[in-house]
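Here the protein sequences come in this chain order: P and W. Sequential numbering from 1 applies to the first sequence in our numbering. Sequential numbering from 480 applies to the second sequence in our numbering.
None of these hints come from the bench; they were simulated from the model. Please read these numbers as outputs of a predicted model, since none were measured by experiment. It is possible that some hints are incorrect.
Unchecked claim - Footprint (simulated), chain P over chain W, 3 or more residues, beta carbon under 8 angstroms:
| # | region |
| --- | --- |
| 1 | 521-528 |
| 2 | 553-565 |
As the list claims (entries may be wrong) - Once the Cα atoms are required to be at most 20 angstroms apart in a straight line, the calculated PhoX-like pairs of lysine-lysine come out as:
| # | chain 1 | residue 1 | chain 2 | residue 2 |
| --- | --- | --- | --- | --- |
| 3 | P | K373 | W | K554 |
| 4 | P | K226 | W | K532 |
| 5 | P | K226 | W | K917 |
| 6 | P | K253 | P | K373 |
| 7 | W | K532 | P | K232 |
| 8 | W | K893 | W | K942 |
| 9 | W | K873 | W | K896 |
Glycine is no exception: its CB is placed at the ideal position from the N, C-alpha and C atoms.
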Amino acid sequence: MAAGEVSSLELMASVIARTRAVDGRVQAFNSFDAEGALAQARASDARRARAKAAGSPVGPLEGIPVGIKDVISVAGQPLTASSRMLKDFVSPYDATVTRKLKEAGAICWGRLNLDEFAMGSSTENSAFRVTSNPWDLERVPGGSSGGSAAAVAAGEAIAALGSDTGGSIRQPAALCNLVGLKPSYGRVSRYGLIAFASSLDQIGPFARSVEDAALVLRAIAGHDPKDSTSLKMEVPDYLGGIEALRRSGRPWKLGIPKEYFGEGLDPEIGAAVQGAIDAYRGMGCEIREVSLPHTRYAIGAYYIIATAECSSNLARFDGVRYGHRSKDAKDALDLYFKSRAEGFGPEVKRRIILGTYVLSSGYYDAYYLRAQKVRTLIRRDFLEAYKQVDAIVTPTSPTPAFKKGEKAADPLAMYLSDIYTIGVNLAGLPGVSIPCGFTKGGLPIGLQVIGQPFKETELLAIAGAYEAGADWLGRHPTL
Amino acid sequence: MTYEAVIGLEVHVQLKTRSKMFTRAAAGYGLPENTLTDPVVLALPGTLPVMNKEALDKIIKAGLLLGCEIARVCKWDRKNYFYPDSPKNYQISQYDQPLCKGGSVEIELPGPARNVMGEHKRIELTRIHLEEDVGKLNHGEGVSLVDFNRAGTPLMEIVSEPVIRSADEAFAYLTALKTLMIYGGISDCDMEKGQLRCDANISIRPAGSTTLGTKVELKNLNSISFVRDGIAHEVCRQTAVVESGGRVVQETRDYDGQTGTSQSLRSKEMAHDYRYFPDPDLMPVEVGEDWKAAIRATCPELPFDRQRRLLEQYSVPYTITSVLVPDRELGDFFEEAARLCGKPQAAGNWIANDLLRELGAAKVGLSDSKVRPAHVAGLVRLVEEGAILSNAAKEVFIEMFHTGEAPEAVVARKGLKAETNLGDLERWCAEAIAANPKSVSDYKGGKESALNAFKGPVMRAAKGKADPKRVDEMLRRLLAS
Chain P
1 MAAGEVSSLE LMASVIARTR AVDGRVQAFN SFDAEGALAQ ARASDARRAR
51 AKAAGSPVGP LEGIPVGIKD VISVAGQPLT ASSRMLKDFV SPYDATVTRK
101 LKEAGAICWG RLNLDEFAMG SSTENSAFRV TSNPWDLERV PGGSSGGSAA
151 AVAAGEAIAA LGSDTGGSIR QPAALCNLVG LKPSYGRVSR YGLIAFASSL
201 DQIGPFARSV EDAALVLRAI AGHDPKDSTS LKMEVPDYLG GIEALRRSGR
251 PWKLGIPKEY FGEGLDPEIG AAVQGAIDAY RGMGCEIREV SLPHTRYAIG
301 AYYIIATAEC SSNLARFDGV RYGHRSKDAK DALDLYFKSR AEGFGPEVKR
351 RIILGTYVLS SGYYDAYYLR AQKVRTLIRR DFLEAYKQVD AIVTPTSPTP
401 AFKKGEKAAD PLAMYLSDIY TIGVNLAGLP GVSIPCGFTK GGLPIGLQVI
451 GQPFKETELL AIAGAYEAGA DWLGRHPTL
Chain W
480 MTYEAVIGLE VHVQLKTRSK MFTRAAAGYG LPENTLTDPV VLALPGTLPV
530 MNKEALDKII KAGLLLGCEI ARVCKWDRKN YFYPDSPKNY QISQYDQPLC
580 KGGSVEIELP GPARNVMGEH KRIELTRIHL EEDVGKLNHG EGVSLVDFNR
630 AGTPLMEIVS EPVIRSADEA FAYLTALKTL MIYGGISDCD MEKGQLRCDA
680 NISIRPAGST TLGTKVELKN LNSISFVRDG IAHEVCRQTA VVESGGRVVQ
730 ETRDYDGQTG TSQSLRSKEM AHDYRYFPDP DLMPVEVGED WKAAIRATCP
780 ELPFDRQRRL LEQYSVPYTI TSVLVPDREL GDFFEEAARL CGKPQAAGNW
830 IANDLLRELG AAKVGLSDSK VRPAHVAGLV RLVEEGAILS NAAKEVFIEM
880 FHTGEAPEAV VARKGLKAET NLGDLERWCA EAIAANPKSV SDYKGGKESA
930 LNAFKGPVMR AAKGKADPKR VDEMLRRLLA S
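Please construct the entire structure, taking both the sequences and the accompanying hints into account.
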């Protein structure tokens with residue numbers, strides 16, 4: 001595009017054509033506005049032409065279609081959270097990340113499917129459609145950001161935004177052979193992201209390379225006066241930083257937590273991850289075993305904190321101001337009961353009920369308060385490990401993409417899908433999943449690299465070092 | 480057996496801030512429905528609260544004025560409950576760590592007479608915390624509409640200890656609290672606009688007992704007088720129940736100030752479970768010493784302290800101070816006028832009587848008054864110097880009030896200057912004495928009232944422009960010689 005060989009309009013048109021051709025099978029999109037996207041592409045081409053005439057540079061995202069998970073607000077577009085509750089809701093305002101992407105010249109492209117309100121690990125909990133894994137249409141793309149992962153993997157978007165509360169970016173990235181980055185908590189504004197669990201949620205990119213992920217992160221990161229949990233901290237030039245670290249040839253010290261390689265890990269994944277670790281060793285990295293002793297409490301703590309917060313966050317969906325309103329309600333109380341009973345799906349209800357329970361008087365100390373203490377211990381485990389190592393390397397998901405319906409009836413089995421990713425959210429750390437191989441059956445495998453708080457540059461440099469010596473990203477699904 | 484009342488008040492005070500508690504939408508009253516809203520107020524999906532520092536400044540100021548202990552960290556909790564006037568179906572509030580703890584409100588009870596200061600007492604506070612107000616439901620036929628204009632307005636909840644013993648004390652407490660809030664610029668406390676709201680928890684017990692009786696919560700007390708009347712009514716009702724051998728039932732009652740009656744809203748309700756937990760959207764904010772010091776520097780003198788000072792420093796009567804002090808601007812006005820003329824009592828009289836009367840008649844606020852402290856001071860000086868007579872002074876004041884002219888200008892324009900030529904006065908007095916030898920001998924014989932016989936002729940000669948006080952002095956001087 002910089003060389004003038006391809007215009008944004010041509011790129012957008014080809015993405016739209018690709019989407020029209022494959023999305024009937026992939027089902028990544030809840031909706032898209034092709035005309036609006038083309039208009040944005042034309043505007044981008046005009047900006048590029050003006051900049052060229054003036055001799056000024058344009059940003060790297062200028063004219064690039066970036067898919068948006070349908071839980072992040074784009075002014076004038078539907079915002080459904082893949083829920084009946086918001087089926088016809090159109091958001092009147094831009095999320096901060098959306099505004100920043102637009103300011104960087106990117107085209108906010110389509111509304112990507114997810115597990116309802118981002119609750120799930122397979123995207124089967126969507127009220128509208130089940131997204132397929134482009135590598136095997138019989139299988140799930142992971143979740144909750146399954147639509148974002150599938151769209152990028154299937155060539156329906158150049159990159160995409162997802163949200164990650166317990167692994168919802170990294171796990172689908174692993175299952176779809178993509179780079180998926182969850183930034184440190186507070187690195188990216190959550191304003192305009194429909195809250196699932198406020199203290200865990202973080203927006204991040206899906207991309208086909210570490211470099212692309214770094215470019216998107218650079219565009220969306222930074223303090224936002226509209227989100228008091230976003231940190232007042234300079235946003236570094238990630239790409240420049242990564243390049244500087246690469247040139248320095250610094251040998252990384254990587255930690256391998258023994259707790260992440262136990263029971264339940266698919267042997268093929270274990271082998272692929274071991275292969276990646278060997279590759280790092282081959283580059284001169286120092287590999288050390290580390291211990292994260294409270295790992296086994298993570299799932300329990302996570303499902304208490306996340307459900308507690310979601311029970312409160314989702315209270316606003318009551319049929320009074322917007323969203324689904326039951327037609328049969330007799331009075332205010334009945335309006336709540338019926339609208340919510342009709343509007344929410346079973347997994348969302350399950351979590352609201354669980355969260356309401358753990359916050360109830362008499363149970364608060366035993367559940368919520370204790371979970372917060374566990375959370376502190378889990379973070380301490382990581383910080384202790386970082387005294388010895390620069391980053392921690394683990395599998396992203398214990399299994400490759402599973403068949404649709406395989407775990408849908410067993411919430412606990414589904415929850416275990418996030419066993420390697422949720423500790424990162426509890427600790428507020430940055431984590432990235434990068435491709436590290438395929439199963440014999442041809443399903444992608446992800447490697448998770450976990451970084452230190454706000455050291456995304458180092459994290460991406462470490463991920464990039466492996467990526468540079470592997471060719472997994474060169475493979476594409478056939479559709 | 481005699482009974483004593485045990486009363487605790489929960490007072491909600493809307494803070495006077497430009498914007499709402501957690502967003503930039505404007506705060507206000509009396510505007511078309513749902514115009515003071517934005518995506519955050521309406522709790523649209525994805526929106527987040529961000530704290531309004533001005534609101535925090537104001538509650539800290541309130542805490543400092545009331546002598547509370549200010550928490551080192553401001554922490555927010557969610558109070559979860561469903562109600563259509565609550566956009567998020569949770570209220571951001573402060574649960575286990577209120578921003579202010581302890582403190583007290585100095586009150587003045589009614590004195591034995593209007594012009595005698597009553598007993599002063601301190602009502603201890605339990606806590607003050609900050610939260611957001613909810614919207615308002617408007618019920619129509621078969622439909623209820625919600626107006627979110629009020630939703631998200633910063634609201635301070637002030638909880639007293641159960642140490643109030645009578646309806647009069649409750650009245651005095653609210654009056655003092657309101658004065659203090661207005662003094663500090665914290666709230667306008669207009670009860671008609673819902674800026675100050677009060678619920679009362681009332682129980683009775685045998686006098687001298689230390690245990691607490693069953694409490695009744697009284698709601699809808701929408702004026703300070705209704706609070707007093709409602710509490711008096713409830714104490715009587717409970718006493719009657721107990722004296723007739725019954726038991727007070729724990730319940731919430733609705734007081735109707737118009738009819739002076741109350742009725743049960745709900746009896747001992749199921750305990751609410753608000754499922755409080757720390758709001759993960761808002762980071763705790765440290766309230767450092769510098770911050771507190773900066774606010775302390777803006778704290779005014781407390782009203783009762785000021786009243787004591789005015790009584791001592793200016794020797795103005797209690798009745799005048801009790802008019803001047805509750806209104807901070809009026810007090811400032813007075814002190815400025817007193818400083819300019821050096822005659823605080825005269826200035827106080829003009830302000831407390833004439834100025835307030837004229838402002839009331841014209842329905843004008845003090846800030847819009849054309850009469851300024853310098854006008855009052857000038858007028859006091861003119862009277863003091865004898866340049867005008869007191870009747871004329873009243874006329875000058877009303878003229879100034881309407882035109883804003885300086886008193887000297889009014890006197891000149893209307894020809895109200897008093898006759899002060901001592902030569903003339905002496906001649907008129909001498910003539911009057913010469914013309915009435917009988918009264919001279921009466922006066923010299925000790926008949927004081929004989930002096931009056933000379934005054935009429937002098938005044939006639941002066942065409943009414945002589946100062947009676949000076950005439951009196953001159954006559955006495957001439958007769959003494």
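Going down the list of hints, with the structure as the test:
no., hint, result
1, 521-528, "holds (count 8)"
2, 553-565, "holds (count 5)"
3, P:K373 / W:K554, "holds, 18 angstroms"
4, P:K226 / W:K532, "holds, 14 angstroms"
5, P:K226 / W:K917, "violated, 95 angstroms"
6, P:K253 / P:K373, "violated, 29 angstroms"
7, W:K532 / P:K232, "holds, 17 angstroms"
8, W:K893 / W:K942, "holds, 16 angstroms"
9, W:K873 / W:K896, "holds, 13 angstroms"
In terms of the numbered hints stated before, the structure departs from hints 5, 6, listed from lowest to highest.
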